[in-house]
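Go by the hints and put chain B onto chain A.
2 protein chains.
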Amino acid sequence: MDEKNYPFSKIYKNALIGLERESLRVDENGKMSQAPHLKSFKDSNPYIQTDFAQNQVEIITPPKKSVDELFSYLKASHQIVSNSYKDEFLWSFSTPGTTPKESDIKIAKKSNAEAYKYRKYLAKKYGKLKQLMCGIHYNFSFDRETLDEIYADEPNKDELINELYMKLARNYMRYRYILTCFLGATPFAIAGGNKDVFRSFRQSPFGYKNLEKIDVSYESLDAYKKSIKTALKKGQISFKQELYVDVRIRYEKERINYIEFRNFDLNPFEPYGINRDDIEFIKLFIVLMAFLPEKECKAGDELQDKTTLGHPFSECVNLSEAKEILNSMRELSAKLGKSTNLAQILDEKEKALDNPKLTLAGKVLTLCKNKDEFLEFGLSLARKHKEIYSQNPYSLHGFETLELSTQSLIKTAISRGIGVEILDRSQNIIKLSYDDAQEILKSANMSSKDSLISYFIMQNKSVTKKILSENGINTPKSLDFAGFDEALEVYDEFDKLVIKPQNTNYGLGITIFEEKPSFDNFREALTNAFSEDSVVLIEEFVKGEEYRFYVQDDKVLAISKREPPKVVGDGKSTISELIDILNQDPQRKDGHIAPMCYVKKNEPVKLWIESQGFSFDSVLEAGQEITLRKNSNVSTGGISIDKTDEIDEFYKDIAIKSAKALKSRICGIDMIINEKNYAVIEANFNPAMMIHLFPKIGKSRDVATPFLEMLFGEI
Amino acid sequence: MDEKNYPFSKIYKNALIGLERESLRVDENGKMSQAPHLKSFKDSNPYIQTDFAQNQVEIITPPKKSVDELFSYLKASHQIVSNSYKDEFLWSFSTPGTTPKESDIKIAKKSNAEAYKYRKYLAKKYGKLKQLMCGIHYNFSFDRETLDEIYADEPNKDELINELYMKLARNYMRYRYILTCFLGATPFAIAGGNKDVFRSFRQSPFGYKNLEKIDVSYESLDAYKKSIKTALKKGQISFKQELYVDVRIRYEKERINYIEFRNFDLNPFEPYGINRDDIEFIKLFIVLMAFLPEKECKAGDELQDKTTLGHPFSECVNLSEAKEILNSMRELSAKLGKSTNLAQILDEKEKALDNPKLTLAGKVLTLCKNKDEFLEFGLSLARKHKEIYSQNPYSLHGFETLELSTQSLIKTAISRGIGVEILDRSQNIIKLSYDDAQEILKSANMSSKDSLISYFIMQNKSVTKKILSENGINTPKSLDFAGFDEALEVYDEFDKLVIKPQNTNYGLGITIFEEKPSFDNFREALTNAFSEDSVVLIEEFVKGEEYRFYVQDDKVLAISKREPPKVVGDGKSTISELIDILNQDPQRKDGHIAPMCYVKKNEPVKLWIESQGFSFDSVLEAGQEITLRKNSNVSTGGISIDKTDEIDEFYKDIAIKSAKALKSRICGIDMIINEKNYAVIEANFNPAMMIHLFPKIGKSRDVATPFLEMLFGEI
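First to last, the sequence lines map onto chains A and B. To convert, note that position 352 of the first sequence is 352 in the working numbering; the numbers rise steadily by one, no gaps. To convert, note that position 280 of the second sequence is 280 in the working numbering; the numbers rise steadily by one, no gaps.
Among the hints, a few may not be true.
Because identical chains cannot be distinguished in the list, a pair is counted as satisfied if it fits within a single copy or across any two copies.
What the hints assert, rightly or not - Lysine to any residue pairs mimicking SDA-like chemistry, simulated, CA-CA at most 25 Å apart: (1) 64 x 488; (2) 657 x 711; (3) 128 x 660; (4) 477 x 69; (5) 543 x 146.
Rather than coming from a laboratory, the hints here were simulated on the basis of the structure.
Chain A extracted, bound-state conformation (with noise of 0.2 Å):
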């Protein structure tokens, strides 16, 4: 490649970046957890696995070129296991808070023997202490496409690709101390009495290293496979994981894939173990490395030792070299246009390579002083950040812009060792990989196992009803009018009725007749609805309380009550004031974000509490409770309440008819039910499972493990 004309900007943009972030479960002092990692999780989870140690766990996220992609698995990552154990903490240094003893170190268990039988190997060369050094490991990896149109012409393709990486690789071991300078963060040894301060115990000398140093050359592709087998022959290793290498080379047979780089302590303060922005400085770290001229590469090492073993307050070991890499860094980022902050992250870390109380473990010595202090503090991040995995409990941290059915989905997903993969996220359609099989969804239950056709049945509302009151099915009856003299004729055909305008502001024109009405007064009512709108609907009316049914394959799963948003008085504040206090309720948001929405202060609620005889002004009396809306919908301001245990099998059954006549394998069925009947109003495609996992009242109802079991087989 021409390293003046290379299209820098489409293969930054275009780099792949994947994280593996291990952490210890401890409990509230500080100390192992005993819990075992749980079965749930799955050893062929992708996101969430252990690593040596059973409470040793390691939150990967998948290949992303979008840093913000990225960060979203790993959010997620984090909650899920952070509530999926409640009473623990996930420890926020790379080397232990305290010292445990070896029979508290619990070997990690797995399925596969081979990586049992492997830790057990490390265990009992290396000491299970030293096992629990954790840290992040950062994966790139070019794009395939883009370099091969870069090399499109190139008969020798491939061997270039690959010299492009081991060039990648060896300026990295060389210069690789700026990162280990800026981030390097283990101040404190692991073992007892050690009282000494490093840049970073974990990767110094003393750290988590090989027994013996292992020579490996980066020369060539060959020249590394070499290095590891002659490693393996000498007994130096015993597995080709066992190589403890800053840069590990990721290939398949002649080829080159990605480069894993371990050289990275946690970030103490970052409840993900690293920050955002400086994912986005180590890519452009490593993407420099591809276009530097070489300098000698042993150097490299001495160069990193030095800073792993230095002062956190000590110089960086070659200043004037990391300044140049700086610039070198700028010049590149100048290439990206102004979509990025790297220059202001740039502008950041010379700051801190003027002042090294500004670098990670400076930082961590400046508000830690002493060994003594670390279990404290580490504590007191680690229960920071446990407070940052509980908010909003509800969403899915990283998601939060997803409906919040699919982001319940997505939880579960992940949870349960599904691949997810955002692959809209405006429209909601991600896609779930499991073993083979994958699967496409809209909007959480729209997927390949509902047709085409039962979408737009239940999108049409007389077409619905038309097959299901085929079915036997009570469905109310319902005509629309253009014109008055045509509606005038059907005063027969109803009993009960409602009559409204097709378009109505919440009360004008409507007009409820819970018994036959007189031939006048069906005239007056049709006059009125008239009056507000050209269309007029007629329908019966059915009085009752409404529910969903949530039917899943012939079963119903959950059922909800709705209700309207409703205020009770405290003698003192007035409906507007107690309106403000209901929608101060964090599980209120707008749009399909959060469990309920707010209740806005408009006109059919003003219509709506006028017809009750009060205003926004009114103080409602102590305990004195009404209705900010005639209508339940969830959308403004509704609340659900779980029903799943009350109702009758008569109207489940009736919900299974409804969702069998309409050909739907998940479907929500909305009922009216009174005393002596029922009427089904609607059936809907997207049945919103965020009703029922999110009830205002009563008990949450798991939909989203059976939808997944629908779409996989037992998972």
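Frame of chain A, contents of chain B only:
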């Protein structure tokens, strides 16, 4: 039922009518067609049957509440039958215009052995000639649900309903002469010499009657059943269906389902054998019969016989009673409000009472003075009707407001004996029934066979492209930008490209770079595009011809090339005039109801013409051809050219692979093809069969039949 208080309007509006219209297929000389009934119509066809003779076609409508809907089916089946026998005519009268030899009358072949045996028996007993008489059977039933409601509180509901029908039958028998007076239309006898004229030879004692008059009682259902049993026992008839009476009670077990009224001659002036208003008139007459106080029944036969035998110009046999009946009908019709034109219809009938020349038979005799002119008169009507059946052959008569693809599907369905029900006309939702299977369809191709998620995938262009591209299919890369700087940054990522505002007024703001532009030109093009819209698309440019592949179940069934509309100069007309001529093509209409759309003289067309150096007022030289739009969409006047047999298998495989990747069973794949390459630019969940059924140039491809076979198996 309290006769004063019955909900007449509801009963009338919900009552169901079904029609059967028999007709003789004849050649251009009026001779019996010797062509067999088409096998493809099938014996089980609910709409198109044969009666006694193979050339005696019987067109049957499903029972309908709405006369308009009923008439749709009548029209459609007539069009299908007529178009299936290109050189034949449907004889318009109930009596044949020629007297064929017995050997030229071929008994209809039936797969049902009993049915064939019955026809042989009839031929022997009555002679084949008599069996050639055709008519309309008018089937009537009350809506069961309506009656169930009315009689809800009656313990002997079923009995009361039967009695209502029987009373109706008795009154009908009593007053039917009035209908015959208006609608009798067989002035000329069937057999050779007789030169007498009748009001209705067919209904007269010489007409289509049993050899011996059979005494049928309508006192009760039991009595009616007994009459038939007695006639069978006496040997007056050998089959139940041999009972040639004007009123047949249709029952199952002890329950009357409907009544068949058989006393209607074909209306020779009407292409569909009956006048639309007369259907309404007869319906009102029938419903009146249910509520009219009874008179002695016996007198009915005498009045009817007198009427049938009367001269077409003679006065009604009981004028004052007929006027009374008309008055009663008028009273009833007043209760129906203003939504019917019954008042006007009744006025017409009143006039005909006063002037018998205005009755049907009167009109025939006025135009066709004697039997010698009968054949030529009948043929002239049949020719006129044939012309009507042949209009707009692409459309399905009676269903012209549906999308053309849906019309075509229904046309094939009716031809193949698949039941059709319109569930929502404006949304093109229909139900098809075949044997025990039912399928609901929207806009022709959207069915239970495709999955909901495929629909959402194809609706989302970026998700579609992602999936296609993961499956190794070329798609043009496309990115959209809301910011100028962000857009500038992807300069590297494109080679040939199109820059365009998201919402573009054809031409404005678009730049096409057929070679990679300089950065400055790229920037200028972006500035240009952003001056038109706040969102700008950058798309890889793929030059070539645009094709639509119609893919069903991994097979390409049709391929169309799409071209923009064009005009060719004649050296005199302006472009504006040439567009007018183009738009006179009857295949062009607005909406989706014709094979092509109008070319509007709007801004995009104006700009495009101007870009070629012309204006609407330019006169093109003779033979000079210009395109009228840049784009080839059918909706803006583009044309399609069938290329099914010309496109290489390679591209067909790409289309199939695309459909497979999208997990679609039926879809349209849009592909751009050039000498070197191709790109799939879009996938359509609703592939618009009409493109392939009605290409402007090239062979029509029947994609409807394979689709029906996909739904129902072999048809």
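For the identical chains here, do residue 128 and residue 660 meet the 25 Å Cα criterion within one copy, between copies, both, or neither? neither (58 Å within a copy, 52 Å between copies)
Intra/inter-copy verdict for residue 543 and residue 146 if alpha-carbon distance must be at most 25 Å: Classified as between; 22 Å across copies, 63 Å inside a copy.
Reference check for the pair residue 477 and residue 69, CA-CA at most 25 Å: within, between, both, or neither? Intra 49 Å, inter 21 Å, cutoff 25 Å: inter-copy only.
Within, between, both or neither: how does the pair residue 657, residue 711 come out at a Cα-Cα threshold of 25 Å? both (22 Å within a copy, 24 Å between copies)
At most 25 Å between C-alpha atoms: does residue 64 with residue 488 qualify within a copy, between copies, both, or neither? Answer is between: at 23 Å across copies they meet the 25 Å cutoff, but 63 Å inside does not.
Consistency with the previously given hints fails for number 3 only.
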